[in-house]
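Colleague: Residue numbers (our numbering), protein chains in the order written: chain A, 1 to 145; chain B, 1 to 478.
It is possible that part of the hints are untrue.
Said to hold, decoys possible - With a cut-off of at most 25 Å between alpha-carbon atoms, the simulated DSS-like pairs for lysine-lysine come out as follows:
| hint | chain 1 | residue 1 | chain 2 | residue 2 |
| --- | --- | --- | --- | --- |
| 1 | B | Lys386 | B | Lys413 |
| 2 | B | Lys313 | B | Lys458 |
| 3 | B | Lys421 | A | Lys69 |
| 4 | B | Lys387 | B | Lys421 |
| 5 | A | Lys69 | B | Lys398 |
| 6 | B | Lys313 | B | Lys387 |
| 7 | B | Lys409 | B | Lys443 |
| 8 | B | Lys466 | B | Lys434 |
| 9 | A | Lys69 | B | Lys434 |
Unchecked claim - Chain B residues, not near chain A, derived (Cβ > 12 Å throughout):
| hint | residue |
| --- | --- |
| 10 | Ile25 |
| 11 | Arg28 |
| 12 | Gly224 |
| 13 | Gln245 |
| 14 | Lys263 |
| 15 | Thr318 |
| 16 | Gly397 |
| 17 | Glu407 |
Derived by calculation from the structure, the hints in this document are not laboratory data. All C-beta atoms, glycine included, are put in the ideal place defined by N, C-alpha and C.
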Amino acid sequence: MYHRTLFTLFLSTILVSALPLSVQSQSDTGGNTETSGGNIALVQAVMCEDIQDQLPQNPTTVFSIERRKAICFTTFDPVPQKTVIYHHWFHRERPSAKIQLTIKPPRWSTYSSIQFREEDLGPWRVEITDSQGQIFQVLRFSITE
Amino acid sequence: MEKFISLISSLRWQDIVDIGLVSYILFRFYVLFRGTNAFRVLIGMTILWFFQQVAVSMGLIVTSWVVQGVVALGAFIIIVIFRNEIRSVLQASHLKTILWDVSPKTVITTIEIIVQSVYEMAARKCGALIVIPGKDDVDEMIQPGIPWKGEISKEMISSIFWPDNPVHDGAAIIQGDQIVQVAAILPLSRRDDLPTYYGTRHRAALGLAESTDSLVIAVSEERGDMVVALDGKLMIVRQKRKLEQILQEHMGVASKKGRELIKERLMIAAAAVFSVIFITGVWFSVSRGGDTLVTFQSPVVYMNRDPAMEIVKTSVNTVSLELEGSGALIKSIKPDQVQVKLDMSNSKMGPNSVTITRESISLPPGIVLKDVKPAVVEVDLDVLIKKELPVQIDWVGKLPDNFILTEAKIEPKTIEIIGGKRILETISTIYTEKVPLNNLDVKGTITANLALTPASLKIAPNSKEKVTIKYLTRVRNQ
Numbered sequence: 001m002y003h004r005t006l007f008t009l010f011l012s013t014i015l016v017s018a019l020p021l022s023v024q025s026q027s028d029t030g031g032n033t034e035t036s037g038g039n040i041a042l043v044q045a046v047m048c049e050d051i052q053d054q055l056p057q058n059p060t061t062v063f064s065i066e067r068r069k070a071i072c073f074t075t076f077d078p079v080p081q082k083t084v085i086y087h088h089w090f091h092r093e094r095p096s097a098k099i100q101l102t103i104k105p106p107r108w109s110t111y112s113s114i115q116f117r118e119e120d121l122g123p124w125r126v127e128i129t130d131s132q133g134q135i136f137q138v139l140r141f142s143i144t145e
Numbered sequence: 001m002e003k004f005i006s007l008i009s010s011l012r013w014q015d016i017v018d019i020g021l022v023s024y025i026l027f028r029f030y031v032l033f034r035g036t037n038a039f040r041v042l043i044g045m046t047i048l049w050f051f052q053q054v055a056v057s058m059g060l061i062v063t064s065w066v067v068q069g070v071v072a073l074g075a076f077i078i079i080v081i082f083r084n085e086i087r088s089v090l091q092a093s094h095l096k097t098i099l100w101d102v103s104p105k106t107v108i109t110t111i112e113i114i115v116q117s118v119y120e121m122a123a124r125k126c127g128a129l130i131v132i133p134g135k136d137d138v139d140e141m142i143q144p145g146i147p148w149k150g151e152i153s154k155e156m157i158s159s160i161f162w163p164d165n166p167v168h169d170g171a172a173i174i175q176g177d178q179i180v181q182v183a184a185i186l187p188l189s190r191r192d193d194l195p196t197y198y199g200t201r202h203r204a205a206l207g208l209a210e211s212t213d214s215l216v217i218a219v220s221e222e223r224g225d226m227v228v229a230l231d232g233k234l235m236i237v238r239q240k241r242k243l244e245q246i247l248q249e250h251m252g253v254a255s256k257k258g259r260e261l262i263k264e265r266l267m268i269a270a271a272a273v274f275s276v277i278f279i280t281g282v283w284f285s286v287s288r289g290g291d292t293l294v295t296f297q298s299p300v301v302y303m304n305r306d307p308a309m310e311i312v313k314t315s316v317n318t319v320s321l322e323l324e325g326s327g328a329l330i331k332s333i334k335p336d337q338v339q340v341k342l343d344m345s346n347s348k349m350g351p352n353s354v355t356i357t358r359e360s361i362s363l364p365p366g367i368v369l370k371d372v373k374p375a376v377v378e379v380d381l382d383v384l385i386k387k388e389l390p391v392q393i394d395w396v397g398k399l400p401d402n403f404i405l406t407e408a409k410i411e412p413k414t415i416e417i418i419g420g421k422r423i424l425e426t427i428s429t430i431y432t433e434k435v436p437l438n439n440l441d442v443k444g445t446i447t448a449n450l451a452l453t454p455a456s457l458k459i460a461p462n463s464k465e466k467v468t469i470k471y472l473t474r475v476r477n478q
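Can you make the complete structure from the sequences, with help from the hints?
Modeller: Spelled out as structure tokens, the structure:
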């Protein structure tokens, strides 16, 4: 089923809090976990160390700063029409990045990531929201030594 | 002159009471202990103390040390050496006498010693025979006993007539304030109309009273009564006051007493005036003299705030008070005597500026407030609310390189927190205290406390204070 998914990768560099942030999106993955509101549904949301073959690798909630990046991987199904969702990255209560990601019908996988700096140690969370700011899910993780 | 008037006008009623009370205590010390050796030594010690103060002010270091040592030692010596004198003054006086009576009779005289001694011996049924000669020479009438020449005291009289004392059977002759002879043998009365219960002691007393103008006191050891023989008569005297009167008349004290009384009263009046002047001087030197400035850090206490609100933030926790007073008072200030209490009853939610007034600062008596820094305190108040917040683990440390944490379930997932509305509006997560990764096994369960920041936040009573974390690790896929 994964082999039939449409995969699109957008690579961009976003400067957030003076750190380079790479954002990538990926199309269609399977899954049936539901967390959404409205017409689109979030079926998978996970923090992981890498993406390989359009799949999240080594899902975890603790990232060593030596690994240099954390990825928030999300899959929506169904996606009735082309729309945007957001990944809000927070270091404790301080907003760090708000990344807009486009998703398309009929189902879509996408992800964003941050690169670590020394001062990024501590607890983080990513709020996955729709265009109106309604939260689908909150993922929590820590950056440690 | 203006300074003097301002000094007087600055006196509070408490200060007047203070001076009056201590003056009266000093005056009572004089009244109770005047005429005693302890009092004379006390005056000497006071002079030494003044000398030491002068030595200190002149910078005579060693002299002041030595005098200070002598004064300290002297105070101890007074209590030890004169303990009997002090005790006799206090024991001989009623509470009224100690607190109020200024009668010159507080000094124990020879007459009082005799009176007290004979009544005490009568109470113990201890026989005694005491001769107080008049103008007649008694030596021709008595058979001399043993020369004694001891200053009269209650203890000495008691010991002379103690039943086991070899001289207790004879008479003691008292002249002035001395016992001049003991174990003297008196001539016996030849009268045959005496009651049968009068024994040899009474006959001896009467015998001398018949042949001289002496006054003889006889204490019966059988009945414990006290009889005075004077002018050839025997009379039982039951009241101390009566015996005192008889002795005063016999010794010719009464006529002299009027003049002494006036002198005594003048002395007491002078002592009272001196006490007030002396204590007033000491009070001014301690509380007003030698102004010293000191800066004191005092914590601020916020009072009377609306219970529904809490203090979120204050610009300061302590204020700096510049205090003025005498060196002695400044040195004796204790931290709990200086308090800054700010009334928050009129404060509203949000930032408030509260001015520190003189009324909001409590100081020990005699200390004057010169300045407060800062004069205004900013206090941020907030309404208390409850909010359910998710809990997140604050991991620290490092897992082994090839391991990843795949699962960490936290229980309970949310905690109800009580805190200021404006603070809780900015908080979306409660974190645990730092949880180290280094000691984790492959899987397990650990507990962690919550780290509440800011500290004004509190866990609601129905919520748990700790969370349980179930975790799972595994080898990383390369």
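Colleague: Output the numbers, in ascending order, of every earlier hint that fails for this structure.
Modeller: Failing hints, ascending: 3, 16, 17.
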